[in-house]
Amino acid sequence: MAFINLKDRVIQAKIVYYGPGRCGKTTNLEFIYSKCREQINSEMVTVKTQGDRTLFFDFFPFDIGKIAGYDVKIQLYTVPGQVKYNSTRRLVLKGVDGVVFVADSEAERRSKNVSSLANLQENLALYNKNIFEIPLVIQYNKRDLKNQGIEVLDVETMERDLNETLKAPSFEASALDGDNVVATLKKIISLTMSSLEKELENGDWQ
Amino acid sequence: MRSRCVLPFTREITVSLILGRQHLDRIQDTLKKNLIGSGVQNTMLIDMAGNVIVTVDNGGETRDMYSLAALAAANFGAMCSMAKIVGEDEFSLLFHKGQKENIYFSRVNDELLLINIFNNQVTLGFLRLKMAQVIEELCKVLD
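As you go down the protein sequences, you meet chains A and B in turn. If you use this note's numbering, the first sequence corresponds to residues 21 to 226, in order. If you use this note's numbering, the second sequence corresponds to residues 12 to 154, in order.
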C-alpha cells in the first residue's frame, strides 16, 4: 500500500528484497547504500542477530526524484531469510508495492530457492496480493561463485525452477561485486512506478 | 501443547491510503495543539506498513523519522504477535523508557499508529490522558 500525501506531494512506496537465508539480500542493499549515498538521507537500519544474520529487516529510504510532480520516496527493505522467521517476513511484507526475489545460484541451494518463492507467494496471499500481478523482479545472485570453483546452477535451470510461469524480468548478478545490482533496482523501481501510476489513473484522487 | 502464532491481519487493504490536504492539516493541528503543546518533542502518525503520514516536532529535532517509522511499525507488529502467544489480543500500552528520552506507541485504529517521543519533563500519566483525547479527535478526522 503506497502512501500518497497530496499536501506535500510525496509518494512512499515499499520495495522488499525476498529470498532464502544467505542468498545476498542484505549485500544487495549494502551495495546500493554505498553507491547511492547522496540520494539516501539516513543511515541504513539493520536489526541483526548475534550471528550477523538479518533478524527483522535492513531498511533505508531512497529518493528517486519526481514523477508527475510528486516526490517519490522508495522504502527499501529486506526480510530475514531463515525459515524460522516467517512471522517477521510477513510483517515486513505488509503494504509491499514491489518485490525483488533474490535466488542463490549455488547448486546446493536449489530447493531453498523454490521453497522460498513458494513462501513468498503464500505470504503475499495473506495480504490479498497475487505473485503474478505484483511488480516482481528475479535476481540470480552469486554468479561469481563459479570463479571460485563452486558449482552453480545454470541460468536456464533457475529460470525453469523459478520463472517458468511467472515470466518476471530476471538478472544474473553478483551482489558482492555489484554486478547488475543497480540494474535489478532500476527495473523494480520502474515496474513499481508503472503499477502505481496505473493505480492512480484508475483512482478518483485527482 | 504448542500454540500457533497468528499475526494480526485484521483487514486487507488493496487500495492506497490517500489523505487530502484538509485531512492532513487537521491531523497536524490536533497533534501540534495537544501533544507538542504539552511538551512532547516529536509526534508522528504512521501506518502499519511503516509509512510516515504526518510528523510534527517542537522545532528543535532532527531525528530520522522514516527509519523510526519503519522500526516502530515492525516493533508494534512484533508486540502484537507476542501478545497473541501469551493469549492477549494486543498490549494496550507500549512504552520504552530511556534515561533522557522515552517513546510511547498508541494504536489509533486498525491501520494507524501514533508515536510520541518525550523527555522526563512530561509524565506518562499525563501523556496517556492526552492521547485518549487525541485519538478520539483523529478518529473523527479519519472517519
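FYI, nobody ran anything at the bench for these hints, they're computed from the structure. Do not take every clue at face value.
[Stated by the list, open to error] Chain A stretches covered by chain B per the calculated footprint, using a threshold of three residues with CB under 8 Å from any CB of chain B: (1) 68-79; (2) 93-101; (3) 129-143; (4) 189-200.
[What the hints assert, rightly or not] Not everything, but these chain B residues come out facing chain A in the computed CB check (under 8 Å): (5) Asp58; (6) Leu82; (7) Asn130.
[Stated by the list, open to error] Once the Cα atoms are required to be at most 30 Å apart in a straight line, the calculated DSSO-like pairs of lysine-lysine come out as: (8) Lys68/A <-> Lys44/B; (9) Lys141/B <-> Lys111/B; (10) Lys132/A <-> Lys27/A; (11) Lys95/B <-> Lys44/B; (12) Lys43/B <-> Lys27/A; (13) Lys27/A <-> Lys44/B; (14) Lys55/A <-> Lys206/A; (15) Lys151/B <-> Lys27/A; (16) Lys95/B <-> Lys104/A; (17) Lys95/B <-> Lys43/B; (18) Lys149/A <-> Lys68/A; (19) Lys141/B <-> Lys27/A; (20) Lys132/A <-> Lys68/A; (21) Lys104/A <-> Lys132/A; (22) Lys95/B <-> Lys149/A; (23) Lys104/A <-> Lys86/A; (24) Lys111/B <-> Lys68/A; (25) Lys68/A <-> Lys27/A; (26) Lys68/A <-> Lys108/B; (27) Lys43/B <-> Lys151/B.
Each residue gets a CB set at the ideal place from its N, CA and C atoms; glycine is no exception.
Results of checking the hints against the structure:
Chain B is given as covering the region 68-79 of chain A, and this holds because 3 residues of the stretch bring a CB closer than 8 Å to a CB of that chain, at least three being needed. Remark: the region 93-101 of chain A is confirmed as covered by chain B, as 3 of its residues place a Cβ nearer than 8 Å to a Cβ of that chain, reaching the required three. Check result for the region 129-143 of chain A against chain B: violated, 0 residues qualifying (beta carbon to beta carbon below 8 Å, three or more required). Given a C-beta distance limit of less than 8 Å, the hint that chain B covers the region 189-200 of chain A is violated, as 0 residues qualify and 3 are needed.
For the restraint placing Asp58/B at the interface with chain A, the shortest Cβ-Cβ distance is roughly 6 Å, inside the 8 Å limit, so the hint holds. Interface restraint check: Leu82/B against chain A, minimum CB-CB distance 6 Å, threshold 8 Å, status holds. Annotation: interface hint on Asn130/B violated; nearest CB of chain A at approximately 22 Å, more than 8 Å. Taken as a hint, the Lys68/A and Lys44/B pair is broken in the structure, with Cα atoms around 38 Å apart against an allowance of 30 Å.
As the CA atoms of Lys141/B and Lys111/B are separated by approximately 21 Å, the hinted pair is consistent with the 30 Å bound. With a C-alpha separation of about 45 Å, the suggested pair Lys132/A and Lys27/A falls outside the 30 Å cut-off, and the hint is violated. Restraint check for Lys95/B and Lys44/B: the C-alpha separation of about 35 Å exceeds 30 Å, so the hint is violated. Proximity of Lys43/B to Lys27/A is assessed by CA-CA distance (about 17 Å); at most 30 Å being required, the pair is judged to hold.
As the CA atoms of Lys27/A and Lys44/B are separated by approximately 20 Å, the hinted pair is consistent with the 30 Å bound. A distance of roughly 13 Å separates the Cα atoms of Lys55/A and Lys206/A; the hinted pair therefore holds under the 30 Å criterion. Note on Lys151/B and Lys27/A: the hinted pairing holds, with a Cα-Cα distance of about 19 Å set against a maximum of 30 Å. With a C-alpha separation of about 18 Å, the suggested pairing of Lys95/B with Lys104/A holds against the 30 Å cut-off.
Taking the CA atoms of Lys95/B and Lys43/B, the gap is near 34 Å; set against the 30 Å cutoff, the hint is violated. Distance hint between Lys149/A and Lys68/A is fulfilled; the C-alpha atoms sit about 28 Å from each other, no more than 30 Å. For the proposed pair Lys141/B and Lys27/A, the alpha carbon gap of about 26 Å is at most 30 Å, so the pair holds. Taking the CA atoms of Lys132/A and Lys68/A, the gap is about 21 Å. The hint holds against a cut of 30 Å.
With a C-alpha separation of about 13 Å, the suggested pairing of Lys104/A with Lys132/A holds against the 30 Å cut-off. Distance restraint check for Lys95/B and Lys149/A: the Cα-Cα separation of roughly 24 Å lies within the 30 Å cut-off, and the hinted pair is therefore satisfied. Distance restraint check for Lys104/A and Lys86/A: the Cα-Cα separation of roughly 39 Å exceeds the 30 Å cut-off, and the hinted pair is therefore not satisfied. A C-alpha spacing of about 25 Å is found between Lys111/B and Lys68/A, which places the hinted pair at or below 30 Å, so the restraint holds.
Taken as a hint, the Lys68/A and Lys27/A pair is broken in the structure, with Cα atoms around 36 Å apart against an allowance of 30 Å. Proximity of Lys68/A to Lys108/B is assessed by CA-CA distance (about 22 Å); at most 30 Å being required, the pair is judged to hold. Only pairs whose Cα atoms come within 30 Å are accepted, and Lys43/B paired with Lys151/B is accepted, the gap being roughly 16 Å.
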